[in-house]
Every structure is written in C-alpha cells, then in structure tokens.
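Asks: As given, the protein sequences belong to chains A and B, one line each in that order. Oh and the first sequence: position 63 is 63 in our numbering, straight run, nothing missing. Oh and the second sequence: position 121 is 121 in our numbering, straight run, nothing missing.
Since the hints were derived computationally from the structure, they do not count as laboratory data. Glycine included, C-beta positions come from ideal geometry on N, C-alpha and C. Please note: incorrect hints may appear among the correct ones.
Unchecked claim - DEER-style ranges, computed between Cβ atoms:
| # | chain 1 | residue 1 | chain 2 | residue 2 | range |
| --- | --- | --- | --- | --- | --- |
| 1 | A | A187 | B | E548 | 29 to 39 Å |
| 2 | B | G168 | A | P79 | 28 to 38 Å |
| 3 | B | S425 | A | H117 | 56 to 66 Å |
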Amino acid sequence: MMVLTSGLLSRFLPAFLSGMSVDFEMAGIALVLGLVFGFLLALARFRGGVVGATASLVVGLMRAAPTFVVMFFLLNALPHGDLSGVMIVAVSLVPYAAAYVADSGVDALRQWHAGSHLACLLILPNIARAFFVLVMSSSAGAAIGVPEGIAILLREAQKLPSIGDMLILFVIGIVCFSVPLQAGFAAVRLLQRYLGRVALRNRPEPLPESSPVPARS
Amino acid sequence: MLRRLACTIVTCLIGAMPVAARADNSPDAALARLLDEARATAANPDACARPDRDQLVSILCTGHLRVGVRDEYPLFGTHSGNTWQGYEIDVAHAVAQRLSVAVDLTKVKPATRIPMLADNTIDLVVATMADNTQRESQVRFIRPHYYQSQTVIVGPRDLRIQGEDVRGQTICVTIGNGSNAELVSRGARLMLFDDPAALPEHLADQACMLAAQDDTFFAYYLNDPDFGSRFTEKFGFAEAPWGMGVALEHTDLLARALDLISQIFHRDGVFLAAAQANHVGTRFLRQQQEVWSRPDCNTDSGSANPACVLPPSNPDLAATPFANGVAEFEAMVARLTGIELTLPMLKIAPAWSLFLNGVVNSLLLIAGALIATLAFALLFGAAMSASPRPLRWTARGVTIALQSSPILLTLVIAASIIHELLPYSAVLVLSAAIIALGLTNGANAGQAIAEAYWTLQDERGGLPIRRFELFLRALSRSATQIVAFLINAAKGTPIASFIGAPELLSALTDITSFSSGRATTYTLLLIFYTVVVIAVIWLCRRFQTFLERGGVLA
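Please build the complete structure, drawing on both the sequences and the hints.
Replies: In structure tokens:
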C-alpha cells in the first residue's frame, strides 16, 4: 500500500486538484462558447424555413462528431498557431455543448412562446448538467498532454509498482471527481424540483380551449 | 655492444612508425600518393581553370575547403559571435588540416545542405546527415562514417521499463522521424510534435512521460545537471550512421581522399579525441577504432570492404500496388480544385495495412460497444429493479462510481486489470475498451430503466402484474434514454485509442508519424466517425421506435 503509507498522497493531491481545476476551466470555456453558438442555432431552428433546416443539419452533424476525434482534428488538421492544449480541448467540446444547448434552447423557446415562462427556465438545470458532462469529457485532454486531473493521476499511477497501488490511486481520483459532480447533480435536481413546484403553483386555470404546447421535433 | 644498441634503436624507430606507413597498400600511403598527384595538377594554372576539374583540385587551387555545418545543434555544431564549436566543427578543421588548406565554415540546415553541395556553394557537408538509401542518389557519402546516432527513449529516472517493452506506453515523437514506424511496430502509442525542442520541454512539464529522439539531440539536455538528474536514457534503437557528403559530380578524387582520411582518423583516434573534447558519446567511435585498426580494414581498399564499412540505413517503405493510381488521383484533385490532398494510407504498404485494420477494428469496436451497452443496461436495470435491497444498493453504488469516473479513467482501469490477468494483445485491448464503454453507458441506461420500472409500479398502485412484464414496459418507457446512451457509446469508441486499441484514430496517428498528409488524414478520420455515428443514430432511432411501440412486449 505504497499510496497510503508514503508521502505520495500529500504530493499527489494538491497536483491532482490543480489538474481538476483545469478540467473545470476547459468545461467553462466550452460551455460559454456552446451557449453562444447553441442559442444562435436554436433561434435559427425555431424560425424554421431554410435557415431552420440548415441549422438542424448543422446541429445533427455537431451531435454526431465524436469529441475525441474533433480534438485530434483541431490539433492536426487545422493551423492552430498559438492555440494552447487547453483551448484545443475546450474548442473540441464546443460541438457537443452547442448541439445540447441548441436542443434545450428550442424546447425553452417553445415553452416561452406557449406562455410557460417558468417551464422555459428548466433549461438552467439542463445547462448545469451539460457543464458536468463537459467536465468529465475534458479529461480527453490527457491524450494530448494537457495537465488536467486524469493526466496527473495517470502519470502518478505509472510510477507505482503494483496494480493494487494503482487501483487505490484511481479510487482516490474517482472520489475527488465524484464530490463536486454528485453535489452538482444534487443541486441540479433541487433546482429542477423547485422550478417544477413554482411552475405548478403559477399554472393558469385551464381554459376550455387552451392552445397546446408545440411538440418537440 | 654499439651494434646491438644501434639495432635496438632502429628496431624501436621502425616499431614507433605508423603501422600503415610501412606497407604500400596502407591508407596513409594511398592518401599521400593521391594528394601529391592532385597538388601537381593544381600547380598548373590551366588545370585550375578547367570546368571539369575535380573538386579536390579546386580546393587545392584555392587553398580553401568550404564546409557546410550546423550552427544550432548543441555539442555538434554551434555558432556564437565569431566562435564555432562542436564535434563536427573539429572534424571539419581536422580534414582541412590534413589537406593543408584553410577551412571556410558555412551554416546549413537539413533542407539546404544537399542543394548547397549540388550548386557548388560548399565542397563538403559535415552536418548531422544520416547515410540512407534515399539520399544516396543525391549525395556521395564518405565512408567510413564519422558518427552514428540512434533513437533513444528518454524518461523519468523513477519510471521502470521492462527491457525494451514499450507496448501501450505513450511516447512523444517528432513527425517524420524514421524510427516512428519501429515504435509503432513495438505497440507504443505516439503523441506527435512538430519541433524536437518541444520534447525536453514536455518531459520537464510532465506532459510527456517518455520521448524518443536522436541520442545526439538528447545528449545536450542529459548533460544539463538539472535535466540529467531527473531524466535518463531508457534504451536505444534504430542506429543511423552519419556521413560526410560531397557532390555527385566531379568529386571522384575528393571522395577518395576523404574516404582515406576518415579511415586514418578512426584508426588514429582523431574522431574519438574530437568527440571526447566535445562531450559527445564515444561508444561507436571506440568500436570503429578497433575495426579500422584491423589488418583487413587498415588498407587502401578498406573503405570498400563490406566487412569494415557500415551499410546505409534503409528508411524506404514499400508502396502499395495501387500507389501510382492514388498519386495520379491526388494530382488530379490538386489540378482541378487546388486542394493538396495527400493519402499516405493508400500509397504506403504498411500504412495501408494499418488503415484497413483500423477501419475493421473501429467497426468491431462500435458494434461491440453497442452490444455491451445494451447488455449492461439490461443487467443494471434488472439489478436496480430487483426486490433485494443489497442487490439494488450494490448496483446503484457501482453506477455512481462509474458516473463519477471520466471515461478515459474507466478505460485505463479496465485495461490495467485485464493486462494484469492476461498477456497483452490487440483483441484484449479491444475487449477492455468494449467492457469499459459498455459498463459506463450501460450503467446509466440501466439506471433509466430502473427509474421507469419504479415509476410504473407506483402508477399501478399495487395492482398485480408480473415483474417481467413490468420490466419490459420499463424498457419501452426508457427507450429514449437507452438510445441516447447507445449513441454515446458509439461516439466514445475513438477514446479507446488512448489505451492502445488498434482502431482507426490510433492507426492514422501511427501513419502520420512516419508519412505526410496530416491534414487530409485527420479530416478523413472526422468524416469517417461522423458518418458512422450518423448511421448508428439512424439505427438506434429505429430501435427506439421498436421499443416505444412495445415491440419487446409482443
């Protein structure tokens, strides 16, 4: 049990937490860019017509493009000049983030259009959920040498003598990731329930012939 | 007494004379004859003006030897102010001294050294140039070689490597390095960089765990006390002899003279002393000193003796049978669209083989990941819907752990455990990837099935129904979630390249490490995966419709 008995843990944990902050940073950048592009695409899809069809096609392609392959494409096929590893990973996450925001955005716009402003706010927990998915996906940066959490974890594990020690270190890493993640998901669930309750309280009395909410495409 | 003393003195003097000078077929005697003849020719002003004169005569006519050397290659050739330093600089000076001429040093780069010889800007290149079969048609190499480099793997001192086993290890390399193909064949994963200077930098910041590059490149860094205390050479491979080079035309005499000089320099330890003075590795030079001191090599024909001279390295990779057709297609695309399309995976035989295997393995991996996801979804769904609480809690605990572990880490854990149990193989790595992807996505989908199951049971308010039928209805209700995680599993398959699964991303990274056409290669990769995932989405939507229509209940 070299992991627990030596000073390795005290050396590893600060470095690992610092690496995890890089994951959050990359996810944050991707989410901001995804929100910008996603809402533009959602608006275009909501308008319909040729613009809407084009936006749907773009969203479909972005949804299908694997993040890991996009990352290698950005790294190798495009002239990225001074683009850092962190930015390459963040930009590679943008297609997923933008497609997700575009899908949720169309739903939100439909709710808003139908007069259910609180239901529209349900997009907030969805975006929070997307952020946590982005944090987990940003570990792909380890494959191109970005010093994020998993890269630091694997580097330390490679120096350990036995599979038992390595597994203990991996469990420590999973626990470190699970704390903010599970707390985040719990917060999302609370927010979702709160918004749901508020929406129920503020629901207008049903009219004899109320206009239906447009179905999701 | 006096006679005996005189005999002893004569014997000692003869013994002290260079061994080679005693025989007519020694390289020393051959060189002396050659230089005498060339000097006699150069003494004639008409000979110096003749356009077809040998380059050796030109050098003797002008009294200057123009040598192309590197100016930014630590320990071998550096230039600062008016000072040139390095092993190759000392070699250039020693050659000029032997010819009794002055030396003019000119900086050259790998891209300019051969053209500068061809256009007669320089007489000789001593500039880290490996002697290989590709270059033999462009330059005349001087043999014996004055140095030999090899590719070394450098990594942290506390990192253990079993023998030369680098299977599954990520190694940082520079694109186009001739040894990359060998690393690929040894099962290493490559991380590509354009500039060698990035390698020590990324070793230091720990972005690279291991790096591969010429030992001559790393020698400078390993001599640095700070770098050297943290990193060390793990092992070396892919030796490449370095040769001085002269132009192909009008250089018969010059090349012959330099061949003989190189022989003598090896035998007499001139190269070795220069290397020691510049802190350059001497293992090869010590071996060569032994070789060129042997009677069969220490002759005027030694440089042509295959038992004494090293052969050039052979970096040529076999072409595919349809390489010419592909080249014509590339040219046509460039002509019609202006786009520089490069398809090395279709032109180079080993690349074609890697590419085909990559495509097949990717499709197998996707199919395997989809089947595993569905199987684990049913398993986790059933466990989390079961009556015994310990079973439910165990399944839920595993699901939370899998949700909290980035997929990259889950893959590494699966690969580590499987490697511990069974010996490494491509099938094993693919299996580990399928299990990891199936577990991660299947656990999430299983959770959705269980949630649907308990919701359905609550809605029925205790009305009797068979558990199996309720489970099938739960499958139907959670169809959207199941399909979402199936698509996610298919999209996640390229990540398997991180643990060394030989799928397409891994194969194309290997191909681009020893060939050109990175932009085209990775664009094709993106198109391939996007099209495959779109096909998977289409299939999954059909499956979703089947589930939602209650197909499983029929």
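Asks: What hints, given by number in increasing order, does this structure fail?
Replies: none
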